[in-house]
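Given only the sequences and the hints, what does the whole structure look like? Please build it.
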Amino acid sequence: MDKKKTYRAENSPRAWLFLLPAIIFIGIFTIYPLFRTFIMSTQSNSILNPTFIGFTNFPVVINDPQFKLAMTNTFIYAVTVVPLSLIISMIIALILHEKIKGSEFFETIFFIPYLTSVIAIGIVFRYLFHGQYGFINYVLEIFGIGPFDFLNNRNYNMPALIIFGIWNSLAFNIIVILSGLRGIDKNYYRVAETFGASKSEQFFRITLPALSKIITFLFLTSFIQAFKVYNEVFALFNGKAGVGNRLVTAVFYIYNKFYVEYRYGQAMAAAVLLFLMLLLLTFVQRKIIEKLTK
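If you're matching positions, the sequence shown starts at 1 in full-length UniProt numbering and goes up one per residue.
Watch out, some of these pointers could steer you wrong.
Label-pair restraints from in silico Cβ distances [to be verified]:
1. F283 to I88: 24 to 30 Å
2. E261 to F283: 45 to 51 Å
3. I91 to P59: 43 to 49 Å
4. I95 to N238: 34 to 40 Å
5. G54 to F111: 44 to 50 Å
6. R246 to Y32: 19 to 25 Å
7. L208 to I53: 47 to 53 Å
8. G54 to R14: 44 to 50 Å
9. I62 to G144: 30 to 36 Å
10. F35 to I88: 37 to 43 Å
11. F75 to I53: 25 to 31 Å
12. R286 to F35: 38 to 44 Å
13. F52 to F111: 45 to 51 Å
14. A15 to L276: 30 to 36 Å
Everything labelled a hint here was simulated from the structure, so no lab data went into it. As the structure is a prediction and not an experimental result, all values here were calculated from the model. Note that the Cβ used here is the ideal one computed from N, Cα and C, for glycine as well.
Below is the structure:
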């Protein structure tokens, strides 16, 4: 007797037919640009008549003080915004999960920024951070602090960007953490309360371990997204990289090289370096998080 064959989707021509539109889309808009970036990074800065020059662009970019500044700013932004936004998101999600009065309303309010354009939010934040009539300075003056010229003083440009970045990333984090909290079996908490476990013990022994995979996902995706920060800088500083271009980030550096200075090969070399750095950091972070959550 012939053995029954186990069905596998990858062996079905019909399955590949349904996947074909998505494969074509991914190939054209994701895979091809990636390969094209690597190719252009080894070519001269001419886009019409490019010539192969090997890895010459990479030392030029690495030794560029502006690139070093861009990577430093990006790193400071990422290591500050990501953990702070996750901690604040966790606190807000826990409060909303307690079924406080009007929690559904507040969930909607917190989710609205995720649906709003970053540029539109940036325009609002420019008014909030204004040195003379900004609302943030108005609040600080009540406590006898400030005023601070966040937008025109380069010493305060980074704090303003970090505040904006944290606020902008809260919406998605809160929704994902809330969905994770609602997936935890409530019987765990009932048993813990029976044995006299405090709220903090329940959090660290039940809630946090149950959310470990979600937190890992948010941490990795948020860190990658933070390293690609561009829209926030563009929106907050009206198309500029802060005062005197001191707040240039990695993506802002790539944009300037490509569209402003027309150094296409160097721009793509910077993009490749950013890609490799993100790949390495993601791998290291994943290994660290896996050890911490075991």
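Taking the hints in turn, this is what the structure says about them:
1. Checked against the hint of 24 to 30 Å, the C-beta distance between F283 and I88 comes to roughly 27 Å, which is consistent with it.
2. Between E261 and F283 the Cβ separation comes to about 32 Å, which falls outside the hinted range of 45 to 51 Å.
3. The beta-carbon spacing between I91 and P59, approximately 46 Å, falls within the hinted interval of 43 to 49 Å.
4. Separation of I95 from N238 is about 35 Å and conforms to the stated range, judged on CB atoms against 34 to 40 Å.
5. The beta-carbon spacing between G54 and F111, approximately 49 Å, falls within the hinted interval of 44 to 50 Å.
6. Here the CB-CB span from R246 to Y32 is close to 35 Å, at odds with the stated 19 to 25 Å.
7. About 51 Å separates the C-beta atoms of L208 and I53, a value consistent with the hinted range of 47 to 53 Å.
8. Distance hint check for G54 and R14: the Cβ-Cβ separation is about 46 Å, which falls inside the suggested range of 44 to 50 Å.
9. At about 46 Å, the beta-carbon gap between I62 and G144 misses the expected band of 30 to 36 Å.
10. A hinted range of 37 to 43 Å holds for the C-beta pair F35 and I88, which are about 39 Å apart.
11. Range check, F75 to I53: Cβ separation about 29 Å, and the 25 to 31 Å hint holds.
12. Hint check: R286 to F35, Cβ distance near 25 Å, so the stated range 38 to 44 Å is violated.
13. Under the hint 45 to 51 Å, the C-beta atoms of F52 and F111, about 49 Å apart, fit the expected range.
14. The beta-carbon spacing between A15 and L276, approximately 34 Å, falls within the hinted interval of 30 to 36 Å.
Against the hints set out earlier in the document, violations occur for numbers 2, 6, 9 and 12.
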